[in-house]
Every structure is written in C-alpha cells, then in structure tokens.
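A.B. asks: Chain by chain, the residues:
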Amino acid sequence: MPHITQNEDSTFIYNNFCFLLQGDCAVFLDVLVCAQHRGNRPDGTCPNAVDCLKFDEIIRVCNRTVFYASPLLQPLALSRAWCLFEIMMTIVHGKKLLVALNETDREGLKRLILNDFDRIVTMFSSIKSENAEATLEEDREKIFGWIRRDLGADGFKRLNEIVSDGMRAWMAQTSAKFVTESKDAALFESVGQLLCNLARFKEAELLYRRALEIIEAAHGPDHPDVASTLGNLASSLKSQAKYKEAEPLYRRALKIRESAYRPDNPAVASTLSNLATLLNRRAKYKEAEPLYRRALTIQEAAHRPDHPEVAASLNNLAILLKDQAKYEEAEPLCRRALAIYEAARGPDHPDVALALSNLANVLKPQAEYKEAEPLYRRALKIREVIHGPDHPKVGSTLSNLANVLKAQAKYEEAELFYRRALAIQEAALGPDHPEVAASLNNLAILLNGQSKYEEAEPLYRRALAIYEAARGPDHPNVALALKNLAIFLNGQSKYEEAEPLFRRAFAIQELIHGPDHPAVASTLKNLANALKAQAKY
Amino acid sequence: MSLIIKKLAEVSRRQHSGSDTVAVVAPSEDERVPMLHRGVRLVMLRNLLSDLKELEREDINSGQFLNGMHTKDSATDWREFSRELDEYSGKACCLHTGLSFVETMILAGMTKDPITGVDYFADIDTFVSYTWRGPSASMCALILSVEDALSADGIGVRCHT
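As they're listed, the protein sequences go chains A and B.
Per the numbering used here, the first sequence runs over residues 494 to 1030.
Per the numbering used here, the second sequence runs over residues 150 to 310.
By construction, these hints were calculated from the structure, which means they are not laboratory data.
We treat Cβ as the ideally placed atom computed from N, Cα and C, and that holds for glycine.
Treat each hint with caution, since some may be false.
Unchecked claim - A few chain B positions that, by computed beta-carbon distances, are all more than 12 Å from chain A:
#1 Q164
#2 R187
#3 C289
What the hints assert, rightly or not - Calculated lysine-lysine pairs in the DSSO-like style (CA-CA distance at most 30 Å, straight line):
#4 A/K676 / A/K635
#5 A/K547 / B/K261
#6 A/K589 / B/K156
#7 A/K603 / A/K547
#8 B/K155 / B/K221
#9 A/K735 / A/K621
#10 A/K588 / A/K670
#11 A/K1029 / A/K779
#12 A/K650 / A/K676
#13 A/K547 / B/K221
#14 A/K635 / B/K221
#15 B/K221 / A/K621
#16 B/K261 / A/K588
#17 A/K737 / A/K695
#18 A/K670 / A/K635
#19 A/K621 / A/K676
#20 A/K737 / A/K748
#21 B/K156 / B/K221
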C-alpha cells in the first residue's frame, strides 16, 4: 500500500515512488475510454461504433496529443491509419504534439541523434499514409475518406507533409537539447534548419554560429562550405530582423562563391537573391535590383523557364518592384511565378501560398480588392494546414487579408484578423519584431477609424518604437509609422505634435524613394493639411 | 492490492453470469457519460499500472489487456475473447455494462483514489495516439512513456523508479 503524505500545496507523495504535480491532466486512451464490444456484438449494438467517430471532436478540445513512437527504429504507429489521422488532426487544429518513447528508446535517442541524425530524421519524416493500415478494413476506408474530405483529392500527399512536419518539429526540439555536445558541423546545420522551419531563429542562430566555427577551423575561411553556413547564419539573423549583422555575412558568402564557382552557377544566384532580399528589407532598392536581375538571368539560363527556381527569382524581383510602387511592372512577374508554382508544385504547396500572397500584395495598392481577397484567403488556408494556425506566416497572411477587408469596409472581420495576427506574431516572434509593429499599426488605424482613440494611440506609438529600434531611424517603415501617428494626432487636433512627425516622415521617404514617389506626395499633402490647420499658410 | 481490475471483474461476474463472451446491450448514447467527461487522470493510470504489476501483466499490450492475455492478433483477438480464459481482461470487466472501462468504473462507484480521495476522472485534455499491438507496445511501457512525455512538458507525474 503506498504511503501518502500531503504537502501544503496539495502535492501528494507516493512512497517516494512518484508525485503528482499541480496541473494534472486527463487523458483519452481509447482502450479505456471507448466501449470495446463491437467485435462481440455483430448486431452492431455496441456503442463503440459511435465512440470511434468522435476522435476528431476529442482532439479539437484537447490541449495536446501524446504520440507513442516506440520502437524508435521502427515507429509502427506511423504506419497505422488511426495514428496518422490523429496526428493530422492534432496539427491541423493547432494542438501541441508530444512524442513519448519507452525507457530504452529514450536512452537510445540521444545516441542516435548524435551519431545518425539524417537516418532518424528520414525515418520520422518518410511518411506514406496511402499505405497505412488498420485492423478493420472498414476503419481504414473510413479514415481514408476523412483524409480525402478534409485535405482534398491530394490528401495523402498533404497528410504525409503534415505528419512529417510534426515529427520534424519534435526532432528539432529534442535534438537542440543534445547537439551542444557534438563537434559535427553538419549536425548543427541540420538541426538549425529544422529550428528555422519552426520559426525558432534565435536557437538556430546559435547552432549556425557553432557550425561556422567548426567549418572555418577545419577548412579555412574561404571554403565553399563556409559560404553555405554563412548564408544559413545570415538567414537566421535576417529572420530576427538583425539586418546589419546579416548583410556582411551574405556579402562574404557571395565573395567566396564567386571565387569558388563560375559566375553563372545557381549557388551564386542563390546568394545574390538572399543578399538582395536583405537589401530590399533595408530599403536599399537601387542596390538590390541588379542583384535580383542577375540572379534571375542565372536561373533562367540554368533551368527551363517554368522551373520553380525561376519562379522564386521572379517573385523576389516582383516584391522589390512592388516596394518601389512599380505595381504594373510587378504584377505580370507575380502572375508568371504563380503559374509556374501551381504547375510544378500543385495547388496547395507553401510556394503557391507565397505566390498568391505576393500577387495579392501587388493588387491591393492598385485597389483591386475583390481580386486580392480570395487570393489571400486561399494562401491563408494553405498556410494554416501546412504550418498550423499559430505560425508567423499565418499571422502575416491574416494581417494582409485584414487590410483588404478593411479597404472594403468589412471592419468587424478585419479587426478579428488583425488581433489574431498580432497574437500569433507576438507569441512566435517576440514583442519587438517588425512584423508585430506592422500588425500594431494596422490595428491602430482600424481602431482610429472606429473612433476608438484611446486604444489606438499607444499602438501607434509602440509600432514606431519597434520600427526605430529594429530598422534604424531612416527606414521607410519608420516613415510610415511616423506618418500614421501624425495622421492620428492631426485627427485629434494636435497639429503642433503632428507637424514634426510629418516632416521627419517626408524627409525619410524623399531620401529613400526620391521626390516623385506616390508615398512622398501623400505625406506632403498630409503635412500641408497640418500646416493649414495651424494657419501657417 | 489491486484497486481496480479485481473489483470490477468481481462485479461483472456477479451481475452478468449468463455469458462469458457477449456483453449486455449498452444503454443509449444519451444515457451514457459523455465522452468528453471520460478523461483518465494520471492517478488512475498509476493505480491501473500497479494492478497490472500485481496481476503479473507488466508485459501485456493493449490488445491483450482488452481481450485477454492469451490473445495475440488484433484481427482475431475479439473472437478469442472469453472471460473463462481471462477474467481480468478489460472486456471481461465490462461485460455487465456493455460500456467502456471508464464508464464501467464510474457505474461501480470507483471514481476516486481510495487513499487520497483524488478524482480518477476529469474532462479530457490530452489525447493519446498509439498502437495496440506490436513491438514495444506493452501497456505499462505506454503509460510510463506518456507520463514521462507529459512530465518533460511540465505536466503531471514525475516518477522516481
């Protein structure tokens, strides 16, 4: 009989055997929770037939799913139809996926990660749901029907991706705990890549830095492998908005690759694109454009014209043109990239979601809201399924969708999406990330339009502070945040406070875009209004 | 001392002596404990684990737990089930209700840990996905592994074995 004592905090101690912590949970274990007499009641009177239809409903209300993956070297559950369906529903509903292993496997996992990482990642991410089995053929047919219903005709392929992503997420979390003991640069890079896919860029950065040290020590500073790691490290920094730190790393990587390879090598194009994207983020458009164009030329020469690498280059260039308000030039590039991705990757691939968003981003400033809205909705649906509902990419798509809804006076739905986007971005990227600032700005403008001034003002100010800290004082985002706050203050008749903000925004925009850019004209008009209101004719 | 299995088996034998293989017809869906309220708390799993150890069933898998220690294959185990062959199997414990193990415990008034008074059941918040048979599929290992995964995530039981 266990001997029990009760602590003041209601923690029970069982014979020094185990103790219950606060925050207990209640599990669904079908062998205990579902009626199980179906086999012995062929007349169908057993409630099991009802119980096993409720798994989806149960997963929806649960906070988490624990997936029992032993034996580690042959995870049988990944070949079972019920288990794959349960993992899919867990991820699709945005629930946490925990992986449980027996004691032997827990001890073996670390050894396997350190010694044979690729094998374990391949094993856990090579899912073939179309071959999954169930004890009862009718169960298998039922589950396959649900997969087709929920994920479309291409459901098995998508299910394989969803489950693989879920498993990779677990691998990344688990591996990150162990790899610090390793001296294998490739292992650091592989785990770093998994972490980046989970938007855990800070952790990835640390692993890439360690990989860089190891590779530089082994091969010297100018080896092509160094360029690759520099690129990965720079990308993780870029994703954290550490642009100033990232730029010299990309430049060094480019220099190494240009020396090591022919100038028309796709590896050079890849680094050119990465550097150009960074320069675009820093509003160095004139520097970025020739790099993108050179990358596109290389990719078009290296591949056929409908190759996804060409689409990627088209997309990049289109974004740059859009950022310079060259919408008419950007739009056909976006459409071509979308067509290539749809043909090459199928209609529900993440690259298609990216291309849909980019096209919508170009249509929106041209006031083509009715065409942009369904594109954003389609991109959102793809990203929610692929990445889960709390991924930053879902957040940014929600924000964009809310923008076009607001432009069509659909304020209620827009506010809902802005708030959801903000919550996702704050949780995933931290409170000081530029994406958070964008959502704050958007939400503030919407609230201002609904006369919710007290709620709006601190959001404007917070957005400005984030942009100034993250992007420096002369970035177009800072100009936009200044202008937004100034417009708000103007609306409150605080003209004296608004005027210097308009002047600062105007100066930044003129410096970045030149005197003829539409944004410059718009800010000048705002400034003129503020001056007029103060009788400064 | 077995806290759950032996007691349920005894109730089942007493209340349903007519057949060792066919359960009574279960009540209709609206008379049952709603599925969402049938969540098993870790203290109940711990006691079940203790029962399995006492009954020398540490190595049985979920299929054997349900249909009997003598069964080997999910495709046929339901046909091989008989209380006569294994009176402590999960199904044998539930023959008198035609319901789940959890519902049968609730009907038998076994809703709290007899020592601490902690509730055995609560609203489900954790789904467990697993296979019933195959290598490494012992029910005890499953329970301990689930506890470990939850514990690593800051929830529930931390074991000192």
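A.B. asks: Now tell me, hint by hint, if it's right for this structure.
C.D. replies: Results of checking the hints against the structure:
no., hint, verdict
1, Q164, "holds, 15 Å"
2, R187, "violated, 5 Å"
3, C289, "violated, 10 Å"
4, A/K676 / A/K635, "violated, 48 Å"
5, A/K547 / B/K261, "holds, 26 Å"
6, A/K589 / B/K156, "violated, 36 Å"
7, A/K603 / A/K547, "violated, 36 Å"
8, B/K155 / B/K221, "holds, 23 Å"
9, A/K735 / A/K621, "violated, 39 Å"
10, A/K588 / A/K670, "holds, 22 Å"
11, A/K1029 / A/K779, "violated, 36 Å"
12, A/K650 / A/K676, "violated, 36 Å"
13, A/K547 / B/K221, "holds, 27 Å"
14, A/K635 / B/K221, "holds, 25 Å"
15, B/K221 / A/K621, "holds, 26 Å"
16, B/K261 / A/K588, "holds, 29 Å"
17, A/K737 / A/K695, "holds, 16 Å"
18, A/K670 / A/K635, "violated, 39 Å"
19, A/K621 / A/K676, "violated, 33 Å"
20, A/K737 / A/K748, "holds, 18 Å"
21, B/K156 / B/K221, "holds, 25 Å"
When the structure is compared with the earlier hints, violations turn up for hints 2, 3, 4, 6, 7, 9, 11, 12, 18, 19 and for no others.
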